[in-house]
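There are 2 protein chains.
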Amino acid sequence: MINFILDPSGGTPFYRQIIDQIKFGIASGNLKTGEQLPTVRSLAVQLKVNLNTIAKAYKELEILSILDTQQGSGTFINANGIVLSDEEKQSKLQDICKEFLTVAYTYGFSKEEVIAELQNNNLNNNLNNN
Amino acid sequence: MINFILDPSGGTPFYRQIIDQIKFGIASGNLKTGEQLPTVRSLAVQLKVNLNTIAKAYKELEILSILDTQQGSGTFINANGIVLSDEEKQSKLQDICKEFLTVAYTYGFSKEEVIAELQNNNLNNNLNNN
DNA sequence: ATTTTTGTACTATATAACTAATACAATATA
DNA sequence: TATATTGTATTAGTTATATAGTACAAAAAT
Numbered sequence: 001m002i003n004f005i006l007d008p009s010g011g012t013p014f015y016r017q018i019i020d021q022i023k024f025g026i027a028s029g030n031l032k033t034g035e036q037l038p039t040v041r042s043l044a045v046q047l048k049v050n051l052n053t054i055a056k057a058y059k060e061l062e063i064l065s066i067l068d069t070q071q072g073s074g075t076f077i078n079a080n081g082i083v084l085s086d087e088e089k090q091s092k093l094q095d096i097c098k099e100f101l102t103v104a105y106t107y108g109f110s111k112e113e114v115i116a117e118l119q120n121n122n123l124n125n126n127l128n129n130n
Numbered sequence: 001m002i003n004f005i006l007d008p009s010g011g012t013p014f015y016r017q018i019i020d021q022i023k024f025g026i027a028s029g030n031l032k033t034g035e036q037l038p039t040v041r042s043l044a045v046q047l048k049v050n051l052n053t054i055a056k057a058y059k060e061l062e063i064l065s066i067l068d069t070q071q072g073s074g075t076f077i078n079a080n081g082i083v084l085s086d087e088e089k090q091s092k093l094q095d096i097c098k099e100f101l102t103v104a105y106t107y108g109f110s111k112e113e114v115i116a117e118l119q120n121n122n123l124n125n126n127l128n129n130n
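Going line by line, the protein sequences match chains A and B.
If you're matching positions, the first sequence starts at 1 in my numbering and goes up one per residue.
If you're matching positions, the second sequence starts at 1 in my numbering and goes up one per residue.
These are computed hints drawn from the structure, not numbers from a lab.
These numbers were taken from a predicted model, which means no experiment stands behind them.
Among these hints, one or two may not hold up.
As the list claims (entries may be wrong) - Label-pair restraints from in silico Cβ distances: (1) A:Pro8 / B:Asp86: 29 to 39 Å; (2) A:Asn30 / B:Val49: 38 to 48 Å; (3) B:Gly29 / A:Asp95: 12 to 22 Å; (4) B:Glu35 / A:Arg41: 32 to 42 Å.
Claimed, not checked - Below, a list of computed lysine to aspartate or glutamate pairs in the EDC-like style, where the Cα atoms sit at most 16 Å apart: (5) B:Lys98 / A:Asp20; (6) B:Lys89 / A:Glu113; (7) A:Lys92 / B:Asp7; (8) B:Lys23 / A:Glu99; (9) A:Lys98 / B:Glu60; (10) A:Lys23 / B:Glu99; (11) A:Lys98 / B:Glu113; (12) A:Lys98 / B:Glu99; (13) A:Lys98 / B:Glu62; (14) A:Lys92 / B:Glu113; (15) B:Lys92 / A:Asp7; (16) B:Lys98 / A:Glu113; (17) B:Lys56 / B:Glu35.
Where is the CB? At the ideal position from N, CA and C, for every residue including glycine.
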């Protein structure tokens with residue numbers, strides 16, 4: 001379960017706020033594998049936006065294999081995060097690490113600093129089966 | 001020194017490609033502190049875009065204190081990465097680490113995996129004075 | 001002091017992004 | 001088999017983004 005909330009200021013599009021909250025919900029363990037998300041209509045009503053805005057968020061996450069959706073029944077958290085081959089996983093890992101280090105270095109942080117902070121971070125997830 | 005290149009396909013805006021290449025140039029050590037970047041006009045001619053496109057990239061990096069620019073003389077790599085107070089630095093470090101871990105977890109990577117890959121990464125920078 | 005070089009500001013335009021209204025289609029349920 | 005529930009598709013309108021053309025302003029160089 002997760003409590004969706006939209007911030008109209010700040011400039012971040014509604015659909016992206018929803019995407020981020022779902023991603024963080026998974027990463028933090030608040031959304032479990034197989035769990036059903038609110039229907040596009042119910043969440044649209046709750047957040048006072050059009051149902052297409054919700055559908056757009058769900059769709060993007062479905063393309064990433066984060067969600068699993070069937071017309072008629074609903075949208076669910078997919079089993080094992082994003083599905084990639086071993087080569088793709090390794091390449092993706094290198095990509096996101098390089099991107100992250102570039103940002104960190106540009107801010108003046110050292111590799112040791114970021115690793116220490118990562119180890120200190122208590123964000124955890126419920127999907128790992130590596 | 002750095003060799004700018006623009007990819008018209010791929011959808012990434014020209015000005016953002018320039019920003020990314022400068023950031024990576026700094027993170028990789030190919031751009032040194034105090035080094036002058038090409039003038040907005042010369043780079044615009046070289047890349048066959050309008051000078052405002054270059055100016056927009058330089059401007060965004062100047063706001064982040066990554067570049068230092070003076071009308072009449074040119075644009076230069078600023079001394080010490082982004083300038084922040086200790087509190088701001090710590091907060092920023094936590095922010096980017098949380099963001100990074102969320103992405104990593106969503107892809108199914110464990111904290112150990114990303115730390116191992118970070119340690120394995122040989123990207124280095126020339127700005128650290130921590 | 002004049003000219004050249006450098007970044008800046010203003011304006012316009014085309015494209016993309018975002019959100020909504022509403023109709024459609026597939027599945028589940030009574 | 002109807003009907004309700006769920007996601008999907010189409011269309012439209014508004015706003016934001018990206019880029020360019022051109023004029024302006026500040027600093028350096030002569």
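Hints and how they fare:
1. Judged by the Cβ atoms, the range 29 to 39 Å given for proline 8 (chain A) and aspartate 86 (chain B) holds: they are separated by roughly 33 Å.
2. Distance hint check: the CB atoms of asparagine 30 (chain A) and valine 49 (chain B) are about 45 Å apart, consistent with the given range 38 to 48 Å.
3. Range check, glycine 29 (chain B) to aspartate 95 (chain A): Cβ separation about 20 Å, and the 12 to 22 Å hint holds.
4. The hinted range of 32 to 42 Å is not satisfied by glutamate 35 (chain B) and arginine 41 (chain A), whose Cβ atoms lie roughly 56 Å apart.
5. Straight-line distance between C-alpha atoms of lysine 98 (chain B) and aspartate 20 (chain A) comes to about 12 Å, which keeps the hinted pair within the 16 Å bound.
6. Of the pairs offered as hints, the one joining lysine 89 (chain B) and glutamate 113 (chain A) holds, with about 11 Å between alpha carbons and a cut-off of 16 Å not exceeded.
7. The straight-line distance between the Cα atoms of lysine 92 (chain A) and aspartate 7 (chain B) is roughly 21 Å, outside the 16 Å bound, and the hint therefore fails.
8. The straight-line distance between the Cα atoms of lysine 23 (chain B) and glutamate 99 (chain A) is roughly 10 Å, inside the 16 Å bound, and the hint therefore holds.
9. About 22 Å separates the Cα atoms of lysine 98 (chain A) and glutamate 60 (chain B), which puts this hinted pair outside 16 Å; it is violated.
10. Note on lysine 23 (chain A) and glutamate 99 (chain B): the hinted pairing holds, with a Cα-Cα distance of about 10 Å set against a maximum of 16 Å.
11. About 14 Å separates the Cα atoms of lysine 98 (chain A) and glutamate 113 (chain B), which keeps this hinted pair within 16 Å; it holds.
12. A hinted pair counts as satisfied when its Cα atoms are at most 16 Å apart, and lysine 98 (chain A) with glutamate 99 (chain B) qualifies at roughly 14 Å.
13. Among the hinted pairs, lysine 98 (chain A) with glutamate 62 (chain B) is inconsistent with the structure: their alpha-carbon atoms are about 23 Å apart, more than 16 Å.
14. At most 16 Å may separate the alpha-carbon atoms for a hinted pair to count; lysine 92 (chain A) and glutamate 113 (chain B) meet this at roughly 12 Å.
15. For the proposed pair lysine 92 (chain B) and aspartate 7 (chain A), the alpha carbon gap of about 21 Å is over 16 Å, so the pair is violated.
16. Of the supplied pair hints, the one linking lysine 98 (chain B) and glutamate 113 (chain A) holds, its CA atoms being roughly 14 Å apart against a limit of 16 Å.
17. For a cut-off of 16 Å, the pair hint linking lysine 56 (chain B) to glutamate 35 (chain B) is broken: about 19 Å separates their Cα positions.
Checked against the numbered hints listed earlier, the structure breaks hints 4, 7, 9, 13, 15, 17; every other hint is satisfied.
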